[in-house]
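Peer 1: Those sequence lines, one after another, are chains A and B.
Here the first sequence stands for residues 664 to 999, numbered as in the numbering used here.
Here the second sequence stands for residues 664 to 999, numbered as in the numbering used here.
It is worth saying that the hints were derived from the structure and are not from the lab.
Honestly, I wouldn't trust all of these hints.
[Stated by the list, open to error] Partner residues aside, some chain A positions facing chain B, computed with beta carbon under 8 Å: (1) 666; (2) 668; (3) 702; (4) 715; (5) 716; (6) 725; (7) 729; (8) 817; (9) 820; (10) 827; (11) 828; (12) 829; (13) 830; (14) 832; (15) 896; (16) 907.
[What the hints assert, rightly or not] Straight-line Cα separation of at most 25 Å, DSS-like style, residue types lysine-lysine; simulated pairs: (17) A:895 x B:749; (18) A:945 x A:850; (19) B:895 x A:749.
C-beta atoms are modelled at their ideal positions from N, C-alpha and C, and glycine is treated no differently.
There are 2 protein chains.
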Amino acid sequence: MYLTDKKVAVMGAAGAIGSNMVQDLLATGTANNICMYDPFAVGLEGAAEEIYHCGFPGARVTYTTDVAEALTGASYILSSGGAPRKDGMTREDLLKGNCEIAKQLGLDIKQYAPDAEFVVIIFNPADITGLTTLIYSGLKPGYVSTLAALDSTRLQTRLATFFGVAQDEVTGCTTYGGHGESMAVFKGNTAVQGVKLDDILAGAAVNGKTLNAEDWATIQEAVRTGGAKIIKLRGRSSYQSPSHQTVEMLRGRITGEYAWPCGLYFGDGGKYANVMMAADTKFGPDGLTGSIPAGSPEDQEALAKSYAHVAKLRDEVIDAKVLPPISEWKTYNPNL
Amino acid sequence: MYLTDKKVAVMGAAGAIGSNMVQDLLATGTANNICMYDPFAVGLEGAAEEIYHCGFPGARVTYTTDVAEALTGASYILSSGGAPRKDGMTREDLLKGNCEIAKQLGLDIKQYAPDAEFVVIIFNPADITGLTTLIYSGLKPGYVSTLAALDSTRLQTRLATFFGVAQDEVTGCTTYGGHGESMAVFKGNTAVQGVKLDDILAGAAVNGKTLNAEDWATIQEAVRTGGAKIIKLRGRSSYQSPSHQTVEMLRGRITGEYAWPCGLYFGDGGKYANVMMAADTKFGPDGLTGSIPAGSPEDQEALAKSYAHVAKLRDEVIDAKVLPPISEWKTYNPNL
């Protein structure tokens, strides 16, 4: 009835993303054995009660404020448990604070859930918090990832809206590199009703409409600011889409099928090294594998720029002594 | 891939229940052809964007602030679109205000969606708003219902917690009559791990625990105040469980299978007449049918009391001239 009966720990389960994720795990028939963790006991109980009142058959849902209880025996760990940015905090404060949370999560995973098969980090800046979790967890690189799909689904949405076609008639949308405003929105293999975006930009019409370079730049910008737009419209940051796509990533880990880019660790030696960022990924028996995405020179330039941004954030966290120097990463995690 | 491709109109789709419901309709594979309606344009756009960013394959989701567009061609209409109680409003203000919304919804259904096959009303007081919608819609009584499951799933939750058993090891939980603090929590066929509640109250142990009359009274009270407890814990009224159970009701309408009591119209002539309230219901080709639930004298007494409360609320709405006098109902809806 459910895709897996292995234990799923949902961290930050009192929050909007976490509580929605528990519902989505059950509603999609993905997992029934769920432990909801949050340090905020009152809200956690309320979120758990809501899930109970849904009455999902076969559900085995517990909740706890004890991280050891949450993680022990967990095969899958999905964490939206970062702190939101508060008044008076700088971006750097948020970066450092959330990376400290990610560090502790990594250490907790090492202690309580060393056999975890997949961890997805959702709290921002996800590229850096995901990387931090990976390093301290000691897990294999293919077992720790970050949610990176939303930029791509936002691109799909914008193109579908522009051309007035169904959303899934827009295919091959990919955004790579860092999640956030520095992301690289690839033309890649994007097609609308089967017509490649390159051809569209060269003048091909779809559904009676054409798209010029200026339109494309507008769409790319709308994708980059898609998250901020949700805050403006709803008065809160997105929670339904991060929740659902994280559940889809878990399904991908189990079934091997997942449609969107994921955050992938890049180790020493390549053009892009010692970061986690959205890449051309696929799920296999050993978790997530992938490579630098292919793209036009323009796409590659955007990716290089996005990588530089992610590397800079990483270096700030190393300078803040939350992450160790790169040379010591393998001491913390021999799997790297 | 989806249980139905008929049009589902979700009314109040910018709200917490409505936006969650759209996600749940898609996540459970229930419906893909959804129109999101809300008069609050900005929040509606934000909610729709979130759904788009989920990237559900096959989804055909639109949104509108035009009720005619939302309802035209809709086979199913799910409405959480009432007004919440605001500071300074009395319970009567809320009752009258939401019944006026329900009246307009009924009239809009009559005008734009006379072929609707199922309408579920979720906004409070649901027994009365559901009744009001039915009368003005002109639809068959079996085609309009109210969400009534949560009281029962709350009973299931409380008993599972008390005995320390899995939630679905508690079976046959039913609460009937009015939704809210006057509900009748039936012992009915409730059993825990197969042991009937009557036997438990006579001393039978389950999972090493016994439950006495005082414990049972405490549990009944906790069920009656289960909704208020959510508000206390989460700082907002429940939205995940009403959303999910409404989707389950729609599945019930389509497949014939649904596990919980639903709001049912009782016409002239019976012991319980001219109300909508939770009853012993089942789905058939002609929608919802049902009867007065069987129960112990004590259960029946509680139901009679709950009915009297619902009838009183109905009479207040008639007095406020939002509902016509009972004698005129058949003029408004010949199907009654």
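Peer 1: For a quick check of understanding: which of the numbered hints are violated here, in increasing order?
Peer 2: 1, 2, 3, 6, 7, 10, 11, 14
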